[in-house]
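Student: Single-letter residue listing:
2 protein chains.
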Amino acid sequence: MAEQFINLRNLEFLLYEMFDATQLTKYPYFSDHSKETFDLVISTAMQMGKDMLFPAFSEMDKKPPEFKDGKVYVHPLAAQIMKACGEGGWIGAESSYEYGGQQIPNMLMTAFRGIFAAANYSASVYPFLTTGAAHLITSFGSKELIQTYVPKMFAGLWQGTMALTEPQAGSSLTDITTLAIPTKEGFYKIKGQKIFISSSDYESIENVVHLLLGRIEGAPLGVKGISLFVVPKKRPEKNGGLVTNDVTCMGIYHKLGYRGAPITQLAFGDNDDCRGWLVGEPNKGLSCMFQMMNEARIDVGMGATAIASAAYYASLEYTKQRPQGRPIMAKDPLTPQIPIIEHADIKRMLLFQRAIVEGSLSLIFQCSQYVDLASVTQGEEKERYELLLDLLTPVAKSYPSEMGILSVSQGLQCLGGYGYCDEFPLEQYYRDVRIHSIHEGTTGIQGMDLLGRKVVMKNGKAFLLFIEELKKAIASGQETDECKNCADSLAEAIKILQNTTESLISIARRGETEFFLADATLYLELFGIITIAWQWLLQATRASIALRSVTNKEDENFYSAKIHTCRYFFTYELPKLKGIEETLVKAEGLTLKMRPEWFE
Amino acid sequence: MAEQFINLRNLEFLLYEMFDATQLTKYPYFSDHSKETFDLVISTAMQMGKDMLFPAFSEMDKKPPEFKDGKVYVHPLAAQIMKACGEGGWIGAESSYEYGGQQIPNMLMTAFRGIFAAANYSASVYPFLTTGAAHLITSFGSKELIQTYVPKMFAGLWQGTMALTEPQAGSSLTDITTLAIPTKEGFYKIKGQKIFISSSDYESIENVVHLLLGRIEGAPLGVKGISLFVVPKKRPEKNGGLVTNDVTCMGIYHKLGYRGAPITQLAFGDNDDCRGWLVGEPNKGLSCMFQMMNEARIDVGMGATAIASAAYYASLEYTKQRPQGRPIMAKDPLTPQIPIIEHADIKRMLLFQRAIVEGSLSLIFQCSQYVDLASVTQGEEKERYELLLDLLTPVAKSYPSEMGILSVSQGLQCLGGYGYCDEFPLEQYYRDVRIHSIHEGTTGIQGMDLLGRKVVMKNGKAFLLFIEELKKAIASGQETDECKNCADSLAEAIKILQNTTESLISIARRGETEFFLADATLYLELFGIITIAWQWLLQATRASIALRSVTNKEDENFYSAKIHTCRYFFTYELPKLKGIEETLVKAEGLTLKMRPEWFE
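Protein chains in written order, with this note's numbering: chain A, 44 to 643; chain B, 44 to 643.
Note that these hints are calculated values from the structure, not bench results.
It is possible that part of the hints are untrue.
Residues from chain A that keep clear of chain B, each with C-beta distances beyond 12 Å, as calculated [stated by the list, open to error]:
1. T65
2. Q90
3. G131
4. G143
5. K232
6. I259
7. P279
8. C292
9. A310
10. D315
11. E423
12. R427
13. T594
The calculated lysine to aspartate or glutamate pairs, modelled on DMTMM-like cross-linking and capped at a C-alpha distance of 20 Å, are [what the hints assert, rightly or not]:
14. K636(B) <-> D598(A)
15. K267(A) <-> D218(A)
16. K527(B) <-> E631(A)
17. K186(A) <-> E228(A)
18. K327(A) <-> D375(B)
19. K629(B) <-> D531(A)
20. K106(B) <-> E466(A)
Please read all numbers here as calculations on a predicted model, not as lab measurements.
A virtual CB, placed ideally from N, CA and C, is assigned to each residue, including glycine.
Please put together the full structure from these sequences, using the hints given.
Tutor: Here it is in structure tokens:
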């Protein structure tokens, strides 16, 4: 099995050469840090990834969670990783000193999480889902809630979750019915069911803290009546003890992949004794939850990228070692066979993977940089980062998820029949990566979010800011010989984006909203290709400049590969825009006109 | 679980309205048959599929083959299906009366196999792999070999296999080293190893007959020294008994999917007592084997299509039953939720699946029709069918395999989180369908076959015949109002195909063979899209004409759906050509220029 699952040199390139993480230490909030701290974060993550997570990658898949007598038993690594991340301060690292955190930039924690996810995606979910849940409490919870829950969560003693989905509602959050009945004592009595809740119950952890969406008795219907609650599996008593809180695990799902983490169905309040505590204002729960969901969406994009990265390195290792066939022009069977990495079609499949992995990773770090900059700036500048982040979140979630599936599939294909067998890890990566276009909002939901909300919000302000960013990248790209052609192609792509967007918006202006949004998924695909092209152009431009003053062979290879992979993306992926543009402009609501009875 | 796995009405449309199977009965070879025989074939297959194969679909996956003490144990259905297909005459049905067959047209057997594969792909492999192996013996074997093996195989008593792949050779057949040492007695002593051999050993069958590629001692190196042998697991004695033939199963593979059939590693002659019998001429084995491989390649395309068909119906059933969300313009939470099939994005995912499934199926039947017509015609007409079949075989193998993966993935996506869980069959279809772009020659191999051999053979004669077929379809399409636009688009697509092909051939003419073939996989993709567009135009044209004299609502819906799905294909899939054309014309050997060390 490949020893490499992510490229450290590339992470350093993104952090220090592309997105200049050290620049952040100039801001007071991050001023205690330095490149040394950052390097330590990365090297710690690599060490934990190699020593603790990666060795259990296959075993966690082969020994998935078990549900016996109402209890969930998981692989021992779950408790170990929570303990290690708690003791090392990694769960709360991003949080402010006030809450026991270390004020580490999001960019660094993104690298940390990415390394974990590449080493073992399932295992990485436990600590970082806890991070997201705890951040919700620090952002919107009362002082008492923060004091009661956050230190335990940051310490890795209590698991955090997001409990949104219900059997009858699925993606339609407006139909959430979990009931919260106010009591004189200040807490709410919770009654309802949740499904598909990740890492939401297991015996080897002291407690689980659900950040749950429900509806206060008498609240308005629809999304305007949804509130956010903390609902622990066991409720903390004044004396420090824990009392069962009437949260019952009804079962676990048996999944295609991502088997190291238990996904459960939960019943709250079956015995009328489940207590929840309101987080934030009544009926404002959804907007609070969106903080966590937006973080989680970028994290899902990172998870997909990380799995695709590990699959890339596993397939790369195989293609270097497997001799088969000869160069096209040297068919003499007396000559030795060559490693398959020398065949053009294998190179294409490796380049494809690399273009997806490093393009997606760059976008994820771009988003992290916006998170960090928005947290330390004010006024218009802050708004700019926030708008760009809002616009790009559905793209950073879905492009890596959708393309990650294809990328891992090409990795599997590099191994031929062996890719289909469990002696090699590709088949597991193939199963694992398939979750990401589903959880935290399907690709369809992301498309509606991008076109129906983000592109049009504030009169298209975020969209215009994005075009500005593209134009800046084009201008610098045009200044280097290596990137000029790609920069010109991206300029053409902007026209396609603008034309297509205008064509769709004109439908919206006519009031035909259903038609306007019918192909939002395709629009998301188009937008995603352009976004990744932008990131590739930025990377190749940076690499071209660095190449001029390169001092060693490793760096020369690294930068040359960046430029070549950028060209690959612009030659093999960017042209796909033309077909999507034609479809979007010509489809004329074809899918809407398909009658359900015609499907029989 | 969905009760439907394939659409009977559509099979009838293809057989009787599109490819006019009854017309075949005018030829003496098929003259004993009639539409009644054909209907019986189809209804028998549907019955066996529903009663025998489909009910065990999930169980065969959950209880895969086991390897214990050198023996392979499989699900009881394997023996049952062999027995039932043997007794019913289905294994040899296509063969001539002379060999105990029934002279059933290939088109009908394609329908039969397709129904089986949609009901339970793994189970369908046992009997029909036996068919292919037996056909090789009837085509090239001596009278004695035929008499010894074929009746047992047609009776379902002995399993047939193809034993090509070796550990050190993989796809590179030139490097096959299995040795065949001649003996005075007329047989050969076989020594070697084979890997990835389907259905090649299991305890519940009396015997297994391997059609094996090996090299006679002293034979020329390379593909010109490969011979074909019959090598049984147990060799038949004169007295009718069976004696062990020194074929050892060394292990089975644990696979992502397709788990109902055992795939093994075999050792031949470890104790110097493995006997094989030559089939056909010495050193001509590869061309004999290609008869079986070409049949098998179209069968793989059918297998992929069949799985995608079953996945389509499973996802369709779910989308009709699952209420979630409301129409975009009716967000009032007091109104009831609607079934998700009414959402545009779900309709798009269903239409995509249907376009892939019914487009691919039509191509498979087109190929079968060529098989049948080639078998009953002579001279130039026969050559025409053979050339078209040769040209389209890599397309019929790879388009359904590659697009089947995406089609099933969209089926899975329709179910959201449930698609990822094993309560529904989608996750199994997703795993099962992934084999098809690997076995019987990977997609990369098919691309090289299409561009490097088929397009250029006989000075491009097959290619020109194909263009003629496209033009005929365009001419009829242009005569109906419903299809005129699609016909015009296909005319444009021909130009893209011609331009791209010429651009690539000009590279070959310069002698740059490696560069010429570097993007053969992309060329195959482009060729595939045009081929399926052609089949869709043919289907929609036929449906448009039928719609004029339709007498009932079911038929009206069926034909309307055909026309609408054709439009979907032309609007959502055909435009992809433009991007591929741009890549093929502009890539300039970019993948070749990628240096192996840059991948690190």
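Student: For each hint, tell me whether it holds in the structure or not.
Tutor: We went through each hint and held it up to the structure:
1. T65: 26 Å, holds
2. Q90: Q90(A) is indeed farther than 12 Å from all Cβ atoms of chain B, at 21 Å.
3. G131: With a cut-off of 12 Å, G131(A) remains clear of chain B, as the shortest Cβ separation is near 30 Å.
4. G143: 34 Å, holds
5. K232: 23 Å, holds
6. I259: 15 Å, holds
7. P279: Non-interface label stands for P279(A): nearest chain B Cβ at 31 Å, farther than 12 Å.
8. C292: 16 Å, holds
9. A310: At roughly 18 Å from the nearest Cβ of chain B, A310(A) sits farther out than 12 Å, so the non-interface label holds.
10. D315: 26 Å, holds
11. E423: 33 Å, holds
12. R427: 30 Å, holds
13. T594: 18 Å, holds
14. K636(B) <-> D598(A): Holds, because 18 Å separates the two Cα atoms, which is no more than 20 Å.
15. K267(A) <-> D218(A): With a Cα-Cα distance of about 11 Å, the restraint between K267(A) and D218(A) holds, given a limit of 20 Å.
16. K527(B) <-> E631(A): 17 Å, holds
17. K186(A) <-> E228(A): 17 Å, holds
18. K327(A) <-> D375(B): 18 Å, holds
19. K629(B) <-> D531(A): Roughly 15 Å between the alpha carbons, so the hint for K629(B) and D531(A) holds.
20. K106(B) <-> E466(A): Between K106(B) and E466(A) the Cα gap is close to 19 Å, so the pair holds against 20 Å.
Of the numbered hints stated above, none is contradicted by the structure.
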